[in-house]
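Asker: So the chains spell out like this:
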Amino acid sequence: MALAPSSTPSIPSRVSPLWHALAAITITLFLVSFYLVFEVAPVEEQMGLVQKIFYLHVPSAYGMYVGWTLSAVGGLLFLWKRSDRWDALSVAGAEVGTLFAAIVLLTGPLWGRKAWGVYWAWDPRITSTLLTAMIYGSFLALRSFGAAGQAEKRFAAALAIVGFPLLFLIKYSVQRWSGQHPVVLTGQGGGIHPDMVPALICFFLAVTGFAIWLLWTRIRIERHRQEIVAIELEAARRGLGGES
Amino acid sequence: MKRWLLALSLFACVGAFGAVDSASAQDAATEEDPQSSRAATFRAVSGPQAERVPGGLLTVIAYGGAWVLVLGYLWRLGRMHAQNERELSALKKSLESNAP
Chain A
1 MALAPSSTPS IPSRVSPLWH ALAAITITLF LVSFYLVFEV APVEEQMGLV QKIFYLHVPS
61 AYGMYVGWTL SAVGGLLFLW KRSDRWDALS VAGAEVGTLF AAIVLLTGPL WGRKAWGVYW
121 AWDPRITSTL LTAMIYGSFL ALRSFGAAGQ AEKRFAAALA IVGFPLLFLI KYSVQRWSGQ
181 HPVVLTGQGG GIHPDMVPAL ICFFLAVTGF AIWLLWTRIR IERHRQEIVA IELEAARRGL
241 GGES
Chain B
1 MKRWLLALSL FACVGAFGAV DSASAQDAAT EEDPQSSRAA TFRAVSGPQA ERVPGGLLTV
61 IAYGGAWVLV LGYLWRLGRM HAQNERELSA LKKSLESNAP
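Protein chains in written order, with this note's numbering: chain A, 1 to 244; chain B, 1 to 100.
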């Protein structure tokens with residue numbers, strides 16, 4: 001007796017070999033990145049060792065943008081199509097984006113302690129990043145209360161969409177209102193030493209692979225969860241089971 | 001007149017002595033109390049720079065903290081996956097026991 005409703009297609013239980021390959025490639029890229037950061041890239045003249053935080057901080061910010069953008073896209077498509085697969089993308093994007101945001105908000109103040117003498121400054125970019133993290137944090141808080149109903153999913157999707165324009169605020173706040181945040185990689189900055197470039201590129205690739213792998217894994221878990229909830233509802237409707 | 005001059009000179013000596021004593025007392029207080037010294041004078045450090053921010057430690061905390069966050073999230077994913085497996089197996093058992 002097939003209980004899986006037609007609206008939730010069955011998720012293959014076997015993990016794709018590509019998933020394993022991506023995990024292996026990502027681990028390798030991280031190992032190479034650490035070698036390049038701590039062995040090959042030169043120590044910065046003024047900041048010293050603390051500058052090495054830059055190789056972790058900037059790619060993490062990129063991972064944060066990717067995660068939250070996909071969350072907003074998933075939320076928008078969920079509101080439009082009402083398909084659970086887009087809701088899964090929205091949840092996965094919000095979680096992965098918030099994970100990278102946590103790394104950004106951890107590493108930034110540590111760098112700031114050396115550069116500015118204080119852990120936190122109410123700089124436009126830092127403040128807008130914190131504000132956006134709080135919006136996506138509220139998304140995750142809303143979705144963490146057990147199995148989400150349609151109302152919770154719609155409200156969470158709206159939160160993901162509301163948070164999206166703030167990504168542009170984070171990006172352009174430095175150009176618009178200046179502030180203390182460094183602008184090394186932007187047009188206004190002086191760039192980085194050529195020997196620092198391979199470490200940064202490798203870290204970007206590693207974070208890209210890791211973000212894709214995390215999104216893939218989280219979407220898969222969420223789809224399984226949705227399928228289980230759908231089967232439970234179907235079983236209850238048919239008067240079967242009931243204790244799960 | 002002589003008395004007046006004597007009194008005036010005595011007063012001046014006492015005053016001068018008092019002023020010198022007061023100034024030396026202030027100097028002594030300045031040397032003893034770093035807070036009042038900070039308010040009155042700025043001095044250059046001698047030897048190595050007095051305040052140092054440990055850059056290596058901050059870098060270790062940054063990379064270590066990032067690892068903790070990543071491993072914590074991976075652990076959470078593992079727990080969610082295990083919960084799905086448990087619920088699926090409970091659902092299967094429940095359906096099998098209710099099957100005609």
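The set of hints was computed from the structure by calculation and includes no laboratory data.
All values derive from a computational prediction rather than experimental measurement.
Errors might be hidden in some of the hints.
As the list claims (entries may be wrong) - Some chain B residues close to chain A (C-beta under 10 Å, calculated; not the full set): (1) G55; (2) T59; (3) G65; (4) V70; (5) M80; (6) H81; (7) Q83.
Here a beta-carbon is modelled for each residue, glycine too, at the ideal position from N, C-alpha and C.
Asker: Are there hints from earlier that the structure breaks, and if so, what are their numbers?
Answerer: Hints that this structure does not satisfy do not exist here, as all of them hold.
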